[in-house]
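Starting from the given sequences, assemble the full structure and let the hints guide the process.
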Amino acid sequence: QGGALVTSTAATVTGTNCLGHFSVGNGMADNVVLENGGRLDVLEGHSAQNTLVDDGGTLAVSAGGKATDVTMTSGGALIADSGATVEGTNASGKFSIDGISGQASGLLLENGGSFTVNAGGQAGNTTVGYRGTLT
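Residue 17 in this note's numbering sits at position 17 of the sequence shown, and the numbers go up by one each step.
One thing to keep in mind: the hints can contain errors.
[As the list claims (entries may be wrong)] The calculated label-pair distances, taken between Cβ atoms and stated as ranges, are:
| hint | residue 1 | residue 2 | range |
| --- | --- | --- | --- |
| 1 | Gly25 | Gly120 | 30 to 40 Å |
| 2 | Gln103 | Thr71 | 18 to 28 Å |
| 3 | Gly37 | Ser101 | 32 to 42 Å |
| 4 | Gly15 | Ala119 | 34 to 44 Å |
| 5 | Asn125 | Thr12 | 35 to 45 Å |
| 6 | Asn36 | Tyr130 | 10 to 20 Å |
| 7 | Ala91 | Gln49 | 14 to 24 Å |
| 8 | Ser92 | Val117 | 17 to 27 Å |
| 9 | Ser92 | Gln49 | 18 to 28 Å |
| 10 | His21 | Asn125 | 32 to 42 Å |
| 11 | His21 | Ser101 | 28 to 38 Å |
| 12 | Gly3 | Gly25 | 17 to 27 Å |
Derived from the structure by calculation, the hints contain no laboratory data.
Each residue gets a CB set at the ideal place from its N, CA and C atoms; glycine is no exception.
Okay, here's the thing in structure tokens:
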């Protein structure tokens, strides 16, 4: 039972968590753990790497934002649209969103997670679970 970090990539935050040292600054987030109501907003033109989205955590990636090496566990939520670039693993295996082509694959949307398919985009092999939304 840890605390909750609620921030965006526009902020500057450093500290330690269960993964070790984490940092948010200069439009880049690294090694962030999201749980217990924690949320990270990755803004347009910004990026995040090595993000763990655990029970009660939310990762929100804006169009033009990028998140790589994301680990989604049961209870975590991803919020994004087809203009975002996201790649990582969830309970179903590997998932990805290509913000250039608008193609998404392997998404698992639950726990308040949502994905919006913009014009020209596509979501394949996507599962909408409890409290998940696909539009």
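Evaluation of the provided hints:
1. Gly25 x Gly120: 30 to 40 Å: The hint (30 to 40 Å, Cβ to Cβ) holds, given that Gly25 and Gly120 are roughly 34 Å apart.
2. Gln103 x Thr71: 18 to 28 Å: holds (21 Å)
3. Gly37 x Ser101: 32 to 42 Å: Given range 32 to 42 Å: holds, Cβ gap about 33 Å.
4. Gly15 x Ala119: 34 to 44 Å: This hint holds: roughly 40 Å between Cβ atoms.
5. Asn125 x Thr12: 35 to 45 Å: holds (37 Å)
6. Asn36 x Tyr130: 10 to 20 Å: holds (18 Å)
7. Ala91 x Gln49: 14 to 24 Å: holds (21 Å)
8. Ser92 x Val117: 17 to 27 Å: holds (18 Å)
9. Ser92 x Gln49: 18 to 28 Å: Check passed, 21 Å falls within 18 to 28 Å.
10. His21 x Asn125: 32 to 42 Å: holds (35 Å)
11. His21 x Ser101: 28 to 38 Å: Holds, since His21 and Ser101 (Cβ atoms, about 34 Å apart) stay within the stated range.
12. Gly3 x Gly25: 17 to 27 Å: Given a distance of about 19 Å, which is inside 17 to 27 Å, the answer is holds.
Checked against the numbered hints given earlier, the structure satisfies every one of them.
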